[in-house]
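Chains A and B, in that order, give the protein sequences. Residue numbers for the first sequence follow the numbering used here, beginning at 1 and rising by one. Residue numbers for the second sequence follow the numbering used here, beginning at 1 and rising by one.
Heads up, some of the hints might be wrong.
[As the list claims (entries may be wrong)] Derived pair list, reagent style SDA-like, types lysine to any residue, alpha-carbon separation capped at 25 Å: (1) A:567 with B:145; (2) B:200 with A:604; (3) B:200 with A:597; (4) A:567 with B:350; (5) B:200 with A:27; (6) B:145 with A:360; (7) B:200 with A:605; (8) B:145 with A:589; (9) A:567 with B:411; (10) A:567 with B:288.
[Claimed, not checked] Some but not every residue of chain B turned toward chain A, in silico, with C-beta under 8 Å: (11) 8; (12) 10; (13) 11; (14) 12; (15) 198; (16) 201; (17) 265; (18) 279.
Please keep in mind that the hints were generated in silico from the structure rather than gathered at the bench. Since the model is a prediction, treat every value here as computed from it, not as a measurement. Glycine residues also receive a C-beta, built at the ideal position from the N, C-alpha and C atoms.
The chain contents come next:
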Amino acid sequence: MQMPVLWVPIAIPLLAAAALLSVPRRFLFAKEAVSLFAAALNLVAAWTLFGKEAVYAAPWAGLGAEFSLRLYHFSGFIMLAAACFGFFVLVYSVVFMRGKDHARSFFVFFLVSLSLTNGAVLADNLIVLLFFWEGLLLTLFGMIAIGRPQAFRTATKAFIIVGICDLCMMLGIGLAGHLAGTLAISAIRLPLDALGGLAFVLLVIGAISKAGSMPFHSWIPDAAEDAPLPFMAILPASLEKLLGIYFLARISLDMFRLTPASWASPFLMVIGCITIVAAVMMALIQKDYKRLLSYHAISQAGYMILGIGTCLPVGIIGGLFHMINHALYKTCLFLTGGSVERQAGTTNLEGLGGLARKMPATFACFLVAAASISGVPPFNGFFSKEMVYEAALERNFLFYLAAAAGSFFTAASFLKLGHAAFLGPLRQELKSVRETAWPMLLPMLTIAGICVFFGVNNSWPLEHLIRPVLGPLSAAGHGSPGVPGEHMLVTAVILLGAFLNHVAGAAMAGSGLKAIDHIYRAPVLSGIYEKAQRKVFDPYVAGMKIAENFAKFSAAVDRKMDVFYDKGIVAAITAAGHRLGRLHTGNYSTYIIWAVAGMLLALVFVAG
Amino acid sequence: MATLLILLPLAIIMVLNLPFKDAFKRAAPFLGGCFYLLQAALVVFHPAAFWDDIYNPLEAFFAFECSTDALSLVLFLSIAIVGFVAVLVGAHALKNPRQRFFLINLLLLATVGMNANVMVTDLFSTYVFLEVTAVASFILIAMMKGEGALEGAFKYIILSVIASVMMLLSLALLVLVTGQTSFEAVRAGLGASPESLFVKMAMILFVCGLFVKGGVVPFHAWVPDVYASAPSFVSVFLAGIVTKVSGVYILMRLLVSVFGFEASVQQVIMFVGALSIVVGALAALAQRDFKRMLAYSSISQVGYIVLALGCGTPLAVAGAAFHLFNHAVFKSLLFVNAQGVEERCGTTHMEMVSGLGSRMPVTGWTSVIALLSTAGVPPLAGFWSKLLIIMALLNASRYGYAAVALFSSVLTLAYFLSMQRRMFFGKPHKGMENIREAGPVIVGVEIILAGITVGAGLLYPLVLEYFILPVQRVVG
Chain A
1 MQMPVLWVPI
11 AIPLLAAAAL
21 LSVPRRFLFA
31 KEAVSLFAAA
41 LNLVAAWTLF
51 GKEAVYAAPW
61 AGLGAEFSLR
71 LYHFSGFIML
81 AAACFGFFVL
91 VYSVVFMRGK
101 DHARSFFVFF
111 LVSLSLTNGA
121 VLADNLIVLL
131 FFWEGLLLTL
141 FGMIAIGRPQ
151 AFRTATKAFI
161 IVGICDLCMM
171 LGIGLAGHLA
181 GTLAISAIRL
191 PLDALGGLAF
201 VLLVIGAISK
211 AGSMPFHSWI
221 PDAAEDAPLP
231 FMAILPASLE
241 KLLGIYFLAR
251 ISLDMFRLTP
261 ASWASPFLMV
271 IGCITIVAAV
281 MMALIQKDYK
291 RLLSYHAISQ
301 AGYMILGIGT
311 CLPVGIIGGL
321 FHMINHALYK
331 TCLFLTGGSV
341 ERQAGTTNLE
351 GLGGLARKMP
361 ATFACFLVAA
371 ASISGVPPFN
381 GFFSKEMVYE
391 AALERNFLFY
401 LAAAAGSFFT
411 AASFLKLGHA
421 AFLGPLRQEL
431 KSVRETAWPM
441 LLPMLTIAGI
451 CVFFGVNNSW
461 PLEHLIRPVL
471 GPLSAAGHGS
481 PGVPGEHMLV
491 TAVILLGAFL
501 NHVAGAAMAG
511 SGLKAIDHIY
521 RAPVLSGIYE
531 KAQRKVFDPY
541 VAGMKIAENF
551 AKFSAAVDRK
561 MDVFYDKGIV
571 AAITAAGHRL
581 GRLHTGNYST
591 YIIWAVAGML
601 LALVFVAG
Chain B
1 MATLLILLPL
11 AIIMVLNLPF
21 KDAFKRAAPF
31 LGGCFYLLQA
41 ALVVFHPAAF
51 WDDIYNPLEA
61 FFAFECSTDA
71 LSLVLFLSIA
81 IVGFVAVLVG
91 AHALKNPRQR
101 FFLINLLLLA
111 TVGMNANVMV
121 TDLFSTYVFL
131 EVTAVASFIL
141 IAMMKGEGAL
151 EGAFKYIILS
161 VIASVMMLLS
171 LALLVLVTGQ
181 TSFEAVRAGL
191 GASPESLFVK
201 MAMILFVCGL
211 FVKGGVVPFH
221 AWVPDVYASA
231 PSFVSVFLAG
241 IVTKVSGVYI
251 LMRLLVSVFG
261 FEASVQQVIM
271 FVGALSIVVG
281 ALAALAQRDF
291 KRMLAYSSIS
301 QVGYIVLALG
311 CGTPLAVAGA
321 AFHLFNHAVF
331 KSLLFVNAQG
341 VEERCGTTHM
351 EMVSGLGSRM
361 PVTGWTSVIA
371 LLSTAGVPPL
381 AGFWSKLLII
391 MALLNASRYG
401 YAAVALFSSV
411 LTLAYFLSMQ
421 RRMFFGKPHK
431 GMENIREAGP
441 VIVGVEIILA
451 GITVGAGLLY
461 PLVLEYFILP
471 VQRVVG
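Extracted from the complex, chain A is given alone in its bound form (with noise of 0.2 Å):
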């Protein structure tokens, strides 16, 4: 059956991204009426063709890459949340990029984005995927590279760091393509053997390096203090996370049917830990409102890892929760975070305090997204967090113990934000901030509310969105819906922990800022903080350092080649050419002599 309306979501952004560059620079506002309305048109298109089933399917590249599309409940229900959250962010876009440069290639690269996030949804061909998956690495590139001046060096960490997983990707897709005999997502299925498991191992480096886990997050943080506000809360919080999310499901539930007796489930879980764990810790001393925010979005990825890896239905329907709690949060506190900047002119906490009584609805969204990532209930990453624990303490304690700490330390963390930026004095400098414009509120309150019911009303979005996806796992009755309540009370001493934590830090120090800094001083963690602070952590500067040196050996060898082929090679020529030129004397008598011997040594060897 041929839908070819499935191009329509992949075609209205791209179309629209090519308007825009074909718009004269001297109409006002054309680009950000042009970006509105491909945005809402894509939403409206994504909306109804959520729940329906299509496939499309034309021959392309041959080698079995034909070009095929599936929409069913999973990739239309990405492709809507993708599209809403793409709708607000412009929207919100287009107050905060008035007057900055490069405006016009911020929208065309936005647009760029939606759509190539569109067509890696519904691609049903590993080639289509790994097509629109490499073209957001140019879309990522170009966003990251319009920001600050600086923001150059960044985008090409970016370029590398993400590149290089992408190329593990493509070498993932090549193996599982050529074990399963087909590159059609939907019809393979791969033992983890030997090179089945090398396969899957590559292909999750693709999907969590795209959902921005740990080891393969160390762009984000500079990104953030680097590239346009806007991008970090489309592209980083809220499309790759879906994206990178998306993929894993797939790759654990479809292509390799992950068990939880299988060793992928805790390799999964393991990293999911250790995102959790460690860039929480890190947000925790950041003193930069984005830069923190940067880390919360690589430790919440762990969540999302840790849940699919349990294996367990639960687990899976958590992750894929948190997956678009995580999205609905974190794009909202993004967007107060840009607020701020607009407003305060600043997001260095060092230069914030008391924003509350200025700016008291974003200070309100702020509340509830912190409240939400915290997991406090009855917000919707409450719930999200509750069903992944549940999980985790099934499989083992440990795994529970690392969660748990996440949410310790995510709600310290978050409780020093909101106290350093909104709460406390209020600067002097600060006098005359005024509340943000309007059309950069609404999505900021829109997504807040959106928060509040899908925690309050959390059956809804399991029902609807979530559980159709595992489809007859959960209709085997695993996954009790809503409150899992028997950890409520653990969950419930943690945050009170995390509370008092800051008061008596808060107390201690003598502000909001420095709650923690007892937790940074202490004794074997401020040593790990100041390497870590160096970046002796960061997988890009190793990887360079190791590069560089790469690159001084075989400029080495080459010069030595050069030499070699240079001097060397014609050398031996010449010489050779000069020694043939001095035996032609000129004396007939040599060359008689060379003519008669020439013609006895081929009697010779035709006689003999």
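Starting from the known structure of chain A, fit chain B onto it as the hints suggest.
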């Protein structure tokens, strides 16, 4: 009628030498040029009446057997092109009418020998016409009476005599075995006694004699001295066609029509060919004089033809014939360039001329085309012939020789590019700022020859249809 190609130049020589007034003798270059154009036209338009009927009007007192095939046509065309170029350039270079007159006579005389050699089907006639060509060539080399030219001519004579001895000895042996000298009879006679050591020695002696004529290592030593010291327009003629007909073509014809491809002889031929390629190219790298470098380059390129010939498959022989034609064109072109440079600068020594490219653009660019064709760069004609040769070697599983042929192309490019850089690129030396482009005749000839090289390369499908496939059929 095809024998007219022998008799007509002979008649022109006779008429020119009748005691007419000098005014008539001044028309000699015109007559010579017309003859070569006629020959080229006969090949290209191929009137069946002319070619199909081999009729010899002088049979009564000077009998020799003739025949023509596709291979002969290639050679007739090459002879016509190079002869025409030599007439034009020679007549342009020589201002003295007497010298011009001599030149035309000698060129036509050599052409009589060559055209006959292409056609005859008799071993002894082959030998006789070889000597006709050789004698005309000796005088051509020495006609300017320069010291070097006289010395070169002398060396050529000495080595030619040695070649003659070898060939006569071989002839004697062959007559001893077969009692005949005509191709068919000898072939039949040889077929009756295969594997005879006697026959093999006879063959190899003849082949060695031809090696001397063709200038193949180690029988080549006369070549650099002669080409470098003879006037450039004579070198055009010698390098372009004389050595190719009297050395390579006759070897080709004998192998195809008389001796057949005997394994040990084949091995000798291929080895000598490969040796020529490498030694010629290496020696060319070390040269400082343009014409001397061209001479070594000729040795190297003849090596390609001989190597392909030794391989013996129809494709290889067709490739050899095509390379022979290409070589006639691009080597003539390079010697014409040398003539142009020599005229304007008074020398062809590479360290004394430089930066001519800006002063003599046509000469510079046609030289680039010729050298690229020699080195086998697509899409020029030389690329296709080298490709055919290498393909044929690979098909015959001669991988080592194929590798030699392939990598020597790099050497070819190396020595020619260094020549081009020194002579044509860069800034002119002091005192060379006022050099002008060579005269219109030289420029015209350069453009024609470069056009043939480019055209034969671009129109390769036609070449394949009318040229390579027929030759292949002759062999196969």
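Okay, the hints, checked on the actual structure:
1. A:567 with B:145: 43 Å, violated
2. B:200 with A:604: With Cα atoms ~11 Å apart, residue 200 (chain B) and residue 604 (chain A) stay inside 25 Å; holds.
3. B:200 with A:597: 18 Å, holds
4. A:567 with B:350: 22 Å, holds
5. B:200 with A:27: This hinted pair is violated, its Cα atoms lying about 93 Å apart.
6. B:145 with A:360: Roughly 111 Å between the alpha carbons, so the hint for residue 145 (chain B) and residue 360 (chain A) is violated.
7. B:200 with A:605: 10 Å, holds
8. B:145 with A:589: Status holds; Cα separation ~22 Å.
9. A:567 with B:411: Holds, because 15 Å separates the two Cα atoms, which is no more than 25 Å.
10. A:567 with B:288: With Cα atoms ~20 Å apart, residue 567 (chain A) and residue 288 (chain B) stay inside 25 Å; holds.
11. 8: Status violated, d = 35 Å.
12. 10: Given a least distance of 32 Å, the restraint on residue 10 (chain B) is violated.
13. 11: 37 Å, violated
14. 12: 35 Å, violated
15. 198: Check failed: Cβ of residue 198 (chain B) comes no nearer than 10 Å to chain A, outside 8 Å.
16. 201: Since the shortest Cβ distance to chain A is 6 Å, the answer is holds.
17. 265: Because about 6 Å separates residue 265 (chain B) from the closest Cβ in chain A, which is inside the 8 Å limit, the hint holds.
18. 279: 6 Å, holds
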